[in-house]
Every structure is written in C-alpha cells, then in structure tokens.
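Chains as they are written, first to last, in the UniProt record's numbering: chain A, 1 to 290; chain D, 1 to 290.
Derived by calculation from the structure, the hints in this document are not laboratory data. None of these values were measured; they are calculated from a predicted model.
Derived contacts from chain A toward chain D, CB cut-off under 8 Å, selection only: (1) His77; (2) Met83; (3) Glu101; (4) Ala102; (5) Ile105; (6) Leu106; (7) Asp109; (8) Ala110; (9) Gln112; (10) Ala117; (11) Ala120; (12) Leu140; (13) Gly149; (14) Gln151; (15) Leu156; (16) Ala168.
Where is the CB? At the ideal position from N, CA and C, for every residue including glycine.
Protein chains: 2
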Amino acid sequence: MRAAAAEIEHTLDTLLPAEDGAEARLYAAMRHAALGGGKRMRGFLVLEGAAQFGVSRTSALRVAAAIEMLHAYSLVHDDLPAMDNDDMRRGKPTVHKAFDEATAILAGDALQAHAFAVLAHEDTHSYPAVRAELCLRLALAAGARGMCGGQMLDMLAENGAEPPTEAAIGRLQLLKTGKLIEFSAEAGAVLGKAPGPQRHALCAYGRELGAAFQIADDILDATASAAETGKRTGKDAAAGKATLVGLLGLERARVQAERLAAQARAHLDSFGARADLLRMLADYTIARRS
Amino acid sequence: MRAAAAEIEHTLDTLLPAEDGAEARLYAAMRHAALGGGKRMRGFLVLEGAAQFGVSRTSALRVAAAIEMLHAYSLVHDDLPAMDNDDMRRGKPTVHKAFDEATAILAGDALQAHAFAVLAHEDTHSYPAVRAELCLRLALAAGARGMCGGQMLDMLAENGAEPPTEAAIGRLQLLKTGKLIEFSAEAGAVLGKAPGPQRHALCAYGRELGAAFQIADDILDATASAAETGKRTGKDAAAGKATLVGLLGLERARVQAERLAAQARAHLDSFGARADLLRMLADYTIARRS
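Just chain A, same shape as in the assembly (with noise of 0.2 Å):
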C-alpha cells in the first residue's frame, strides 16, 4: 500500500498544474490539499481492482490519482470555517490556514474541474465509452445523491434537535463517504471492460468495505490521538456528532466493523490470488490506528 501510494503521489504530481504565473498561488493551494498525505485508500483500490483485469498501469494511477483528487477537494471543503472548521489535516495546516478561506474554496473547486478533466482525457483510456461512464460514475458519486448529500446531512444532523437513528446514520455514511469508495472499487473493472458479475461483486466489496472503514474512523475518532491520526480527535464527541459508536458503544460498533469487513471479502470468493491484497485491506481498515 505504501508503494501504490508513492506511485500515486508522483502521478498527482504530474497531472496537476504547478506554472508560475498570477494564479501560482492557487496551483500552490491545489497542491497542498492533494499532495504529501494520506493512505491513498481509494486509489489503492482503483489499482488493486484495475490489477484484476490486466489494465494498464497509467490508465489506473491516472483514475486513481483523479479519484484522490476528488477526495482531497471534499476535504478541503468540509475543513472550511463554514463547516467543520478544521485547523489540521494530515499532519499539517488545513487549507484555508496555510492559505485562505477564498483559496481554499477555489482549490477545491478546481481540484473537483481537474478531476473530470483527467477521467475524460484520451491518456486515460483509448475507449471514449469508458471516459464517459467513469466520468458519469465520479459525477454521482460526488453530487447531491452522494459525497455532497452526505455532508449536507451530516451538517443537518449536527445542528438537529433529535438523534438520528442507526439507519439514518448508516445513510448519512454510505452518502458521505461510502459512493466514493463503492465508486474506487469498481473503477477497475470500468477500466478492464469486465463483466458484469465481476464488476457487481467489486462494486459489493467496496461498498461493505466503506461501511467498516467509516465505522473504524469513529472509533479511531472516539479512541486515538492527534498525533496518530494527523487530524484532531474526539472531535464527535466534542460536537454533539451522532455516530454509530455513540450509539452502539465501542464493542458492538467494532463487531459490527468486522462483520462488514468480512462481508466485504467474501464478495471477493470468485477472484483468484491476484485478490489477495483487497482482502488483507479489508482486514487493514478495520485494525489501523491512523
């Protein structure tokens, strides 16, 4: 994982803008919020789906780093004051701290352009029909019916009078964060033409593998230190947040992580060894402690 990372690190280092100019200092921004961090889950996912179907390598890192572009702008914008008002991410200043609220939004806003941009370019596949369906699948996952929906309840649930229940919870979630990650599983199988069952079942993977994980990011939340995660902690508690840990309790919200994550590999059962590494992710993001 640490390897797919650097080699996603250098490709978002070479797709995005970095001229002098006027405008530097936005580029500068766009950097900061999508370099030098981060696990890269969701492009580690691209590639790791993508190695199932023989693709190539560019095609892959080229839809993993626009994936991890589209994540790093979400980020940018849910630190903003206006939202969460973040003061770190990642081990280092949050955007509109290192820069300012304008650039920050502007950052963001343009990381999101500079993904579709990527997803749509002939270097990322030869088939226009995949250009056009990856870029169809990014646009739902982030739009109002998925990353952008979610925030919006999860903002709502904040400031709402009464707790929300486990199921809406589990929306808020699958909204927030889990269209995003079902998107990355399946992103290879897009990329490797794949049939259909294939596809499903990656799709099945990634969409329980996002489950556990935002679960374990909870608990992380509710148990670890700022220093081991790189952002600040029991940050939920803090706001009054309703998470399935504040609901279920730490124990029953971990069994719960693992039931999912093992729901997560058994949709693998069809895929050979070349699997291997999704599944032992699987068990990773349920044991991490960063």
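Model the placement of chain D on the given structure of chain A, informed by the hints.
Frame of chain A, contents of chain D only:
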C-alpha cells in the same frame, strides 16, 4: 432568447433533484441557485450553435442546462462572504443569505458535479466520444486554467499593491468568464460533429463575444442601477477593482466592446441566415441594460 430561456429553465427543472427527504435542503439550495433567473446567454449559445448542425433539441437542451448549472455554481461561490460577499443575485437573496454558508458551498459543489453527470449521461448524445469530449472541455473551462484560475486572479487583483495592466485584466476575464462562454459557443459543434473550420469559427466567435460581454458587464456595473441588473452595482469602483472601464474610461471601453462584437460577427461569415440570432446576440451583448 426569452423563449430559449424558458426551455432551458424547464430542462433545468427536470434535471435537478427534487425529492423530499433529509437532504431536501441541499436540493432546494441547488434549485434556488439554478432556477428562476438569468438571461441564459450561455445556454442560448449552445442552442444556437447546435441549430447550425441540426442537432436534436433534447441533446442541445441538456448541454445548455449543464453549462447553466456550472455557471450557477460559480455565482454561488463567487457571492460567498469569503469571496465577493454579495447579498443579491438575479433580484433574489444569494444562496448563503437564503440558506447559510455551508449549504451554499455544498450546493455549488453539487451543481458542478451534476453538470458533469448530465453531460456524461447517454441521454445527452448516443456517441460516447461526444460525451467524453464535452466533459473534457467543460472541465478545462471550469478548472484552474479557466474559471477558478480567473476568480483567483480577481481576488488577488483586488488585494494587489499595483493596479493590473490592460493585458492582465484581459487575461483575468478570459479565464474567469471567457473560457466558459467560448465553450458554450463551441458545444453545438461538438454535438454536431462539425468539421474543424466550422467548430473553430464558433469558438472564435465565442471568444470575442465573451470579451465584449465582460466589458459590457463592467460598463453596466459603472452605469446601471441595481433595479435594472438585479444585483448590486457600482461595486467594482467601491472595491477599487481594476476593470477596463476604470483603465480606459467609459468611452474607450464602449468602443472596444463594439470592436469585439463586430469581430465576433465576422467569424460567422461562413454561416448562412441560420446564424442570424448569433449575429444579433453580439449586438445585444453590448446594447443590453441588465
């Protein structure tokens, strides 16, 4: 143009999410931003460009709506307190005033994603290569070397120590508004798989039109009332913002806008009477009072 605007409005209404549910507030903010106002100049360009090549009305309207969504998102973010801090837009409260800042940021983000979802969807064109090309061109017009880069330059110019040169203002406006207007004019040719020379002619028309439009906008800001334009006017001068009007004076700015509009018309010489509305648009652009 009014009839086209009504058709585009109807298409936007159909394409924007409208379900009830917990995240309905986000959908309402997206609809507030994208519906009920604006001249739909960009959408009109798409429709008239598409009409030169016999493109189906459904295709043209979807692309027109997608570009208007992208434009609406840029207005929502430009109006934010951290950017231009505007309270009124198209005669209504801006999104962060009618809702709140977090909702406005998210509604803009979701509108951008939705624009790509519309372009990439098979209902927009049966050829995947056309859909991928539309996504690529929109992403480039919207990103760091387009709209976002232009807005960054605009923010920097406002806070800059030295007044920008005429060349710097021209470049700022090309990025901030020109690229998207250029793409709007070109999109019909992409949809119609038009031969290179015709596509380039529409592109060049859009570029000159966009430049004329921007100078006309600056003239309006300096001379029209808020009642006429539906937004606060006189704000360029109040903000000490350098525009061509400030640099050249009203008269020379008017002459330059007229010259650009004439050049835009000239690019249509190889088109027949079908392009008459595009020719009239060039005249209207510099004569309008709102």
